[in-house]
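J.: Residue strings, one per chain:
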Amino acid sequence: MAWTRDDVAARAARELQDGFYVNLGIGIPTLVANHIPEGMHVTLQSENGMLGMGPFPYEGEEDADLINAGKQTITELDSSSYFSSADSFAMIRGGHIALSILGGMQVSEKGDLANWMVPGKMVKGMGGAMDLVAGVKRVVVVMDHCEKSGAPKLLKACSLPLTGAGVVDLLITELGVFEINRGKTPVRLVELAPGVTVDEITAKTEAAFEVAL
Amino acid sequence: MVDKLSKDAVEALSGLLFDGMTIMAGGFGLCGIPENLIAAIRETGVKDLTVVSNNCGVDGFGLGILLENRQIKKMISSYVGENKLFEQLYLSGELELEFNPQGTLAERIRAGGAGIPAFFTRTGVGTLVAEGKEVREFDGELYVMERGLVADLAIVKAWKADAEGNLIYRKTARNFNPMMATAGKATVAEVEEVVAIGALDKDNIHTPGIYVDRVLKGAKFEKRIERVTTRPRETAKEQA
Chain A
1 MAWTRDDVAA
11 RAARELQDGF
21 YVNLGIGIPT
31 LVANHIPEGM
41 HVTLQSENGM
51 LGMGPFPYEG
61 EEDADLINAG
71 KQTITELDSS
81 SYFSSADSFA
91 MIRGGHIALS
101 ILGGMQVSEK
111 GDLANWMVPG
121 KMVKGMGGAM
131 DLVAGVKRVV
141 VVMDHCEKSG
151 APKLLKACSL
161 PLTGAGVVDL
171 LITELGVFEI
181 NRGKTPVRLV
191 ELAPGVTVDE
201 ITAKTEAAFE
211 VAL
Chain B
1 MVDKLSKDAV
11 EALSGLLFDG
21 MTIMAGGFGL
31 CGIPENLIAA
41 IRETGVKDLT
51 VVSNNCGVDG
61 FGLGILLENR
71 QIKKMISSYV
81 GENKLFEQLY
91 LSGELELEFN
101 PQGTLAERIR
111 AGGAGIPAFF
121 TRTGVGTLVA
131 EGKEVREFDG
141 ELYVMERGLV
151 ADLAIVKAWK
161 ADAEGNLIYR
171 KTARNFNPMM
181 ATAGKATVAE
191 VEEVVAIGAL
201 DKDNIHTPGI
211 YVDRVLKGAK
221 FEKRIERVTT
231 RPRETAKEQA
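As given, the protein sequences belong to chains A and B, one line each in that order.
Take the first sequence: its letter number 33 is residue 33 in the working numbering, and every next letter is one higher.
Take the second sequence: its letter number 175 is residue 175 in the working numbering, and every next letter is one higher.
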């Protein structure tokens, strides 16, 4: 039984620590907010220019001037602050954000991340992802272990254009958890999802990794 | 004191537009965009524009209406995934596109407005973004050189203004607007409310009037929401 999307989000939430300023990407990373442990104080940054993101609004209380980086309506908290995008990325680039949890298309054993472009197919842009991986102290990637075709996504080298080189600290897939350590040490498989074997992961992974369960 | 108030969008843009110019347009998605000025630019038919904006609106709204009218030659943006027409025009070669990482785009504009011609950032090192640019090592880390960015015209959206051009923004509608206000050779601010001189808290003015040449009270604001997302009332605690 591999992990569900929600299980992966819950596992990623275990990377949070009390007092952290955190930036969550779009998709599964957004779900991490649902798993912040009771009593832990985590401040969510939205890179369009807000600290202290609150929950989604009740129907009828949406405010067009208050959205997150995924362009969803959100709410503010008593502790929230607003600022320009330049200030927002000064926080990010300046190393003031403790943790970023992002989605990925490919991760390499060197710690490279590709998550913004498929040449000839997907032309959307990198948004704030390149700044986040360049500036945030710890970068956690959550992604499916393989493509829909079955092709591995944890690779020796990314084939897609990079978002950042040597930037990934930890990778969480539905099959397990890998310490990437920005490519400074060999990749280590540190956790397995329930019912998943090392053999299964080996078969579905191109990158070399050590088993350290 | 100069009264910077324009009576309508036509007057606010009068004498400022020409074919081939560069325009910065504030906003993130559809949040905090100068929707009245964009509509007025469409009416003028000015063309071959280079537009600097984080996104390019959506089909039928925001900068999307300038795309539909084929007035934009080139976009400098960080994310354009919300717009089908954009993709079509780009893939068919009708539209040029320069992707900038969002923080690099914000800083290029901030730098341009502050008289800084270039700066170094870690963002994009080792990626396509750094190709053809100077990369230099500082304190053992690699940084790529990015250029400051200025425009012939900046159009921004604020919440309130006075006749001096002092601006305040509201919530996340601030986004790129403050930097763009500083980086236009001319800057026109579109606002929801014009207040009397002295009514704004002087300690809390986000954009001082020196950066603003003209102020337009928008005729109407649609303020469309791209992704209305709500939570059910009974599970209020779950979603965060």
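Read the hints as simulated data drawn from the structure, not as lab findings.
One thing to keep in mind: the hints can contain errors.
[Claimed, not checked] As a list, the in silico DSS-like pairs of lysine-lysine whose alpha-carbon atoms are at most 30 angstroms apart: (1) B:Lys84 - A:Lys124; (2) B:Lys47 - A:Lys124; (3) A:Lys121 - B:Lys171; (4) A:Lys124 - B:Lys223; (5) B:Lys133 - A:Lys110; (6) A:Lys121 - B:Lys47; (7) B:Lys171 - A:Lys124; (8) B:Lys133 - A:Lys156.
J.: Each hint needs a verdict: does it hold in this structure or not?
T.: Cross-check of the supplied hints:
{"no.": "1", "hint": "B:Lys84 - A:Lys124", "verdict": "holds, 10 angstroms"}
{"no.": "2", "hint": "B:Lys47 - A:Lys124", "verdict": "holds, 24 angstroms"}
{"no.": "3", "hint": "A:Lys121 - B:Lys171", "verdict": "violated, 35 angstroms"}
{"no.": "4", "hint": "A:Lys124 - B:Lys223", "verdict": "holds, 23 angstroms"}
{"no.": "5", "hint": "B:Lys133 - A:Lys110", "verdict": "holds, 23 angstroms"}
{"no.": "6", "hint": "A:Lys121 - B:Lys47", "verdict": "holds, 28 angstroms"}
{"no.": "7", "hint": "B:Lys171 - A:Lys124", "verdict": "holds, 26 angstroms"}
{"no.": "8", "hint": "B:Lys133 - A:Lys156", "verdict": "holds, 27 angstroms"}
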